[in-house]
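Asks: Chain by chain, the residues run as shown.
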Amino acid sequence: MVWEDILSTAAVGTERQEVVLAPGDGELGRALHRLDPSDREGALLAAVALAALYRRAGFQPALDRQPLPEACAADEVPCCSDEAGQHLALMLEGGFKEVLPEWLVALRKAGRRVPADHLPALLDRGRAEQSLRPLIINVTGNRGCWLATQNDEWRWASGGAAGDTWETGNRHERLFLLRALRETDPERARELLSSTWKSEVARDRLSFLEILLTGLNPSDEPFLSETLQDRSAEVRRMGGEILLRLSSSHLRETVSDKVGSLFSYHKPLLGKARIEVSLPGDPEKWQKENQVQLEVPATGAVSKHLGRKGWWLLHAVGWVPPMSWCRLWSRKPVEVLEAARNSEWKAAIIAGLITAAGRYGDAEWVEAILSDRQLREENLREANANLSELGSHLPAARLEALILDELAREKKGLHVDHPALWLLLEHRQEWSGELSRAVVAGIKERIGGGRKNELMEWQLKAALKQFALYVLPALADELSADWPADADGWWQDAVDEFQSVLRFRRDMLRAILKEGNN
Amino acid sequence: MSFSPEQIIALAPDAPSAKAGRSLASTGKWPARGYDERAVWGECRGSGKEPYRTQIDLTEPAFRCTCPSRKFPCKHALGLFLLFATQQSSFASGGPPPWVVEWLEKRDRQQPKRGTAGEADQAPAEAAPPTQKKRTTKVKRSSERQTRVAAGLAELELWMRDLTRRGLAAAQTQPPKYWEQMAARLIDAQAPGAARRVREMSSVAASAEEWADVMLARMGSLFLAAEGFKRIESLPEPVQADLRAYIGWTTKEEELSADGLVRDRWVVTGQRTYEEDKLRVQRTWLRGEESGRDAALLDFAAPGQALTSGLLTGTMIDAELVYYPSNYPLRASLRQRHSAPVPRTPVCGYASAESFLSAYADALARNPWIEVFPALFDEVVPIRRDEVWLARDAGGRLLPLGPQADGGWKLLAFGGGRPVTLFGEWDGRRLLPLGVWAEGRYARV
Chain A
1 MVWEDILSTA
11 AVGTERQEVV
21 LAPGDGELGR
31 ALHRLDPSDR
41 EGALLAAVAL
51 AALYRRAGFQ
61 PALDRQPLPE
71 ACAADEVPCC
81 SDEAGQHLAL
91 MLEGGFKEVL
101 PEWLVALRKA
111 GRRVPADHLP
121 ALLDRGRAEQ
131 SLRPLIINVT
141 GNRGCWLATQ
151 NDEWRWASGG
161 AAGDTWETGN
171 RHERLFLLRA
181 LRETDPERAR
191 ELLSSTWKSE
201 VARDRLSFLE
211 ILLTGLNPSD
221 EPFLSETLQD
231 RSAEVRRMGG
241 EILLRLSSSH
251 LRETVSDKVG
261 SLFSYHKPLL
271 GKARIEVSLP
281 GDPEKWQKEN
291 QVQLEVPATG
301 AVSKHLGRKG
311 WWLLHAVGWV
321 PPMSWCRLWS
331 RKPVEVLEAA
341 RNSEWKAAII
351 AGLITAAGRY
361 GDAEWVEAIL
371 SDRQLREENL
381 REANANLSEL
391 GSHLPAARLE
401 ALILDELARE
411 KKGLHVDHPA
421 LWLLLEHRQE
431 WSGELSRAVV
441 AGIKERIGGG
451 RKNELMEWQL
461 KAALKQFALY
471 VLPALADELS
481 ADWPADADGW
491 WQDAVDEFQS
501 VLRFRRDMLR
511 AILKEGNN
Chain B
1 MSFSPEQIIA
11 LAPDAPSAKA
21 GRSLASTGKW
31 PARGYDERAV
41 WGECRGSGKE
51 PYRTQIDLTE
61 PAFRCTCPSR
71 KFPCKHALGL
81 FLLFATQQSS
91 FASGGPPPWV
101 VEWLEKRDRQ
111 QPKRGTAGEA
121 DQAPAEAAPP
131 TQKKRTTKVK
141 RSSERQTRVA
151 AGLAELELWM
161 RDLTRRGLAA
171 AQTQPPKYWE
181 QMAARLIDAQ
191 APGAARRVRE
201 MSSVAASAEE
211 WADVMLARMG
221 SLFLAAEGFK
231 RIESLPEPVQ
241 ADLRAYIGWT
251 TKEEELSADG
261 LVRDRWVVTG
271 QRTYEEDKLR
281 VQRTWLRGEE
291 SGRDAALLDF
301 AAPGQALTSG
311 LLTGTMIDAE
321 LVYYPSNYPL
331 RASLRQRHSA
341 PVPRTPVCGY
351 ASAESFLSAY
361 ADALARNPWI
371 EVFPALFDEV
381 VPIRRDEVWL
391 ARDAGGRLLP
401 LGPQADGGWK
411 LLAFGGGRPV
421 TLFGEWDGRR
431 LLPLGVWAEG
441 RYARV
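In the order they appear, the protein sequences are chains A and B.
Residues 1 to 518 (the numbering used here) are what the first sequence spells out, left to right.
Residues 1 to 445 (the numbering used here) are what the second sequence spells out, left to right.
Simulated from the structure, these hints should not be mistaken for laboratory data.
It is possible that some hints are incorrect.
[Said to hold, decoys possible] Where chain B lies over chain A, by a calculated footprint (3+ residues, C-beta under 8 Å):
hint, segment
1, 4-16
2, 55-66
3, 82-92
4, 117-123
5, 144-155
Note that the coordinates shown come from a computational prediction; the quantities given were computed from them, not determined experimentally.
Where a beta carbon is used, it is the ideal one built from N, C-alpha and C, also for glycine.
Model the full assembly from the supplied sequences, consistent with the hints where possible.
Replies: Printed below as a string of structure tokens:
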């Protein structure tokens, strides 16, 4: 090889190595032959000039011995319009990125998919933000799957064979796989999990087990019951938690029965109804005897306030589906709450009822608790801790009715202590027009009001940014109009952001709903 | 006629402008907006009291905006153009307002002066025969430069001989000053092209992969130039032109002969912006549908200054070009446009890697100093194999693609494993993809 000869001489220099050219018979050879070897440097440089050109001009592309990789199957689902694609591009570049989930859901609903040119950036976003993955795989089509099979970091989007990924994938891939499979084929998912259960580490057992909450069904009971004997306390607790959610489970029945028997409802002829408790002397022993295989979390700072027994009571009440009290005593939730308030163990029982309402997602109970204004004013520490999460268990319409009710009650505008505020923060679905208008009016009133305590107002400012994601986009123009200017412009950035996010949502949803133009 | 957002975004001077443009592509930002066959205009609410007035002459496209931005096109122009491309129906059609009419008329008046239209006819008349004195000065100046360049290149040859004597391995460890000093002397000798290549060798030496190969090939080119210049008078004129262009002794645009005008339907196949000698350079590649010829248009701007060729990648225009003198003419200048741009998937590329490579070899034989060569393929399949990006032609020949991972994924996504029309720059070893067409859509890579 002429080039390699030249290269080796050039590397060490002509003062140390003579130029040895082995010219062949070709034209290059004849040209090299004409060089004067006595001028070492000149000959080498000339040879370089000739051979470099020869090499460039004679580039030989390799012949592919392998068959062409399989092409992507055609997509039946049409692409979204260019306009919608631009909205996506903007979000992938970092603008309005908190709106992306809504865009992905809307695109799926419209029966469209993401155009090929945006797929790499979208899959990269999903790599970084795992919570987006289930939404992303709905809109990437065959092209997205095909592409994802070729990049290990996108494997979660490739729809690959379940068994292989389960056995060889990393933790994230396996979590994702199990979650997806549990939605489509819950039995198969549980079988996969149980096939490797014994060899999983505790941290993974816990995470995998939690996924069984999705697609929970009676055939899961034998597997779940075994987890009650697990080596890890956290896994045992999770197993119990899931069994409680299974309405037909033996554990749930036992717990309702046995714990139920510790409480009674008393309504004296004169005076208020109250709940009476016959606390077992040694709760642990009592649990064992009654086969209540559930664990009370280790006592923390909170329990000092309740005491050891109160702490146990809180959890015991929390295990029982709250409706069973209503059935047991033929009382409505408000009546049970009222009686609990008059109990010796008031704080523990009420906190337990709130825990149970959230655990079982019992809308009727949630509504009763959230409508109970006294409850929030009483400031029961353990109870309040769980209160804010309850909103999500209520159907949107009922939550809204509750919030509107609160807003109507207190008309000074929306402020940080307003009882409606924390409910609004929990309302993470599209709001009705009525609610959107009421909230925007409340905030405008607040800004127009002038006086402010910046420390407190920060919360409201942050809330406004969140609200922009849920107010009704169809009302974008109305809701963006006529905002009062506050004197020092302290609100300006939040209001600007609210308006621009809202308009962007309106535009992007419109673009998706419009018939695609390509 | 409709442009794809990709084509418009390709006009953005930088990534922040592209993003800002996208976020301005919303009807809410443009209370007033309209269009007719020739132009698009709109008023954009800005931070100031008066709205910004933005207008686009679609025939080129050309832009004007009343905002104070130094970027060009500004985010308003990009936003308006994007909005128009995606939501034309939301624009009022009809007569332009006076401020648009005024601008368009001014443009029409200026057009001939700017040399874009009609110059071909006027040039000979305008350019009065140079007086004897002027000509003498010019010849004198030229011969002075000739002497200076010759001296500079002679020094370069000595320097390269010295480098060769001591070996590349020794050169690799030289400080940047070693290369800088030689480059500076070549600048003094009025050979900026040679100077730049010497300076670039410094970074080649510092790069890991195949540095010796690359460095050696560069030295070969420089040596060829130095040797060639010694006997430049004996070379055919077009070869002289190529040698001068390589050294950095460029022909002025005004000096181009109007004889070589080539009219064709030119597809704008790709565009690349890079820095060179503290200037931003934009190289726009065209390929004639009729002639099958390639052309490169170069635009220069100081850092931070506007840079636009006024051409949209992935579109076709009917226009006349004039080539710079060369033994294998590539560089050209746009003279007259005969049509507005229309989106187009080109069908005038190479059918196989082999036909491309034989065209490339032919070009090198005529101009050995060609560094990047345009490559438009009608049908290649982009693939990724063992983490290497490749383009595979119908016959199964593989061309390695340039090292740029993100672009590779886009290419792969776009092709879906099926043939695409691909354009890129070939540097002798790899293809750097710039644009791709599939299923009637175009994407920049």
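Asks: For every hint, state whether the structure bears it out.
Replies: Verification of the supplied hints:
1. 4-16: Held - the segment 4-16 of chain A has 9 residues with a Cβ nearer than 8 Å to chain B, which meets the minimum of three.
2. 55-66: Holds: 10 residues of the segment 55-66 of chain A have a Cβ under 8 Å from chain B.
3. 82-92: It holds, with 6 qualifying residues against the three required.
4. 117-123: Per the Cβ count (3), the hint holds.
5. 144-155: That given contact holds, which follows from 4 residues of the segment 144-155 of chain A lying within Cβ reach (below 8 Å) of chain B.
Every hint, counting from the list given before, is met by this structure.
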